[in-house]
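Residue numbers for the sequence shown follow our numbering, so the first one is 524 and each next one is one higher.
There could be a bad hint or two in this list.
[Claimed, not checked] Computed cross-link-like contacts, EDC-like style, restricted to lysine to aspartate or glutamate with a CA-CA straight-line distance of at most 16 Å:
#, residue 1, residue 2
1, 745, 838
2, 657, 613
3, 705, 636
4, 705, 838
5, 530, 777
6, 923, 861
7, 745, 714
8, 901, 959
9, 705, 848
10, 893, 711
11, 934, 907
12, 704, 613
13, 607, 636
14, 989, 941
15, 607, 799
16, 946, 894
17, 901, 927
18, 705, 689
19, 607, 807
20, 745, 538
21, 745, 758
22, 871, 827
23, 704, 718
[To be verified] Computed beta-carbon distance windows for the label pairs:
#, residue 1, residue 2, range
24, 835, 892, 36 to 46 Å
25, 638, 574, 25 to 35 Å
26, 843, 670, 49 to 59 Å
27, 932, 868, 45 to 55 Å
28, 878, 991, 22 to 32 Å
29, 691, 871, 35 to 45 Å
30, 889, 751, 26 to 36 Å
31, 554, 670, 48 to 58 Å
32, 785, 984, 55 to 65 Å
33, 883, 669, 18 to 28 Å
34, 920, 942, 31 to 41 Å
Just so you know, these hints were derived from the structure itself, not from any lab.
Just so it is clear, CB atoms sit at the ideal spot from N, CA and C, and this is done for glycine as well.
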Amino acid sequence: MSSTTAKYMTVIGLECHAQLRTESKLFCSCSTAFGRAPNANTCPVCLGLPGALPVLNRGAVALAVRAGLAVNCTINPVSQWSRKNYFYPDLPKGYQISQFDRPFAENGHLDVEVGSQTRRIRIQRIHMEEDAGKSLHEGFPDSDRNTHIDLNRSGTPLVEIVTHPDIRSSAEAQEYLQRLKKILEYIDVCDGNMDEGSLRCDANVSICEPDASEFGTRTELKNINSFRFLGAAIDYEVERQIDLVESGGRVVQETRLWNSDAQRTVSMRSKEEAHDYRYFPEPDLPLLILDERWIQEIEASKTELPAARRLRFVDQYGLSAYDAEILTSTRALAGYFEAAAGLCRRAKDVANWMMGDLLRLLKEDDADLKDLSNVLLKPEMLSEMILLIEDGTISGKIAKTIIEEMYRSGKSPEVVIEEKGLKQITDSNEIERIVDKIVGANPGPVNQYRSGKTGTMGWFVGQVMKATGGRANPRNVNEILRKKLAG
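Could you put the whole structure together from the sequences, leaning on the hints where they help?
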């Protein structure tokens, strides 16, 4: 950090939009499936045709309540729908049904860790709204450009999670978004696919002197859809504002976009061009009234959150904080670990095999770590393999071959061992015959060992393992070799 940068405090607030994992839209029965042909998932309601009336999706409300509870919000028993009026080609009604001054959830928080410091980021509000459609821009140069409108996304249910301006660095902003994404995925509220727009973020950024009585003028960075872009956009914007102030200029309130190719923010519209949304209560929908008992049922059924599960893995299974962090990175990974550890009662071994070989294989296949249901290597197969190592049927080295074969074929460890002839040799007489043959064929290394160069022991062990295809029991090999080499 430069001395100039150190003169200023960075002030950041985030507005995160998360699509809810419903099969149908917020106010109609159209599908929310991603990737359909343009405008295939539409009807008179989400096309905004005259006379079409909205009907609220109860499942979307349940997911929104679940999200609010997961980030420690108070759920308001009564909230109100409002019309947010603005005119974009991909907003067919000319307004968006949202919530304004009476949201369904308020006053939450999320704790984030950056380095050794834990910071509490307060969440001001969460409100529900419908998503807009999508404008697809094609053609270059500008004179030949065409814009197409796809309204498949129009009406998809969203929650917008708005923080207070409590964030003080791009690192904190990234950590907050990562924690939030993980929570929403864990509780099955949002799939978190940022590339598809299921989770996106706006950042309000300003600077001021540390002892200032008021924050500086903020700019809004719109529609950021990756952690890396969020950090880069904030860092650039902070430097831009500092340079502007230091040169005698002033920051103006405006909306800016992040240009990832140019690695800079660019102005989208100024304060003078900003929309007056003219909110007013939605006349086609009554107040949203949530039954207290229903809220309690949702809360009672909530999934264990990542932070709590991470701490439990350390306490219950004796894992390191690092191992617990990796194994709880997705709900599917954490469930896989607990299933395997529960069967073989060797949690650390399960963690080692998962974090080493299993994650390597999954990465090679570019597998989705949020859903391991299609992985052929099941938790019970991993636990069986670990028990076979423990009872001496196979060695750890052989197990590396076995786990990859199980992953590729779905065959049990016993079947793989039988088909490939990988059962460990524990018969001392058989191992002794092999050792005698190797010792007899290598008088030079034998004499070196007996003259005090005991480092040659490793060479002899390697020769025995090579002769047995790695199947000889290492402990037996070492014991027999020591006796033979001692003369």
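Can you list which hints this structure breaks, lowest number first?
1, 4, 5, 6, 7, 8, 12, 13, 14, 16, 18, 22, 24, 25, 27, 30, 31, 33, 34
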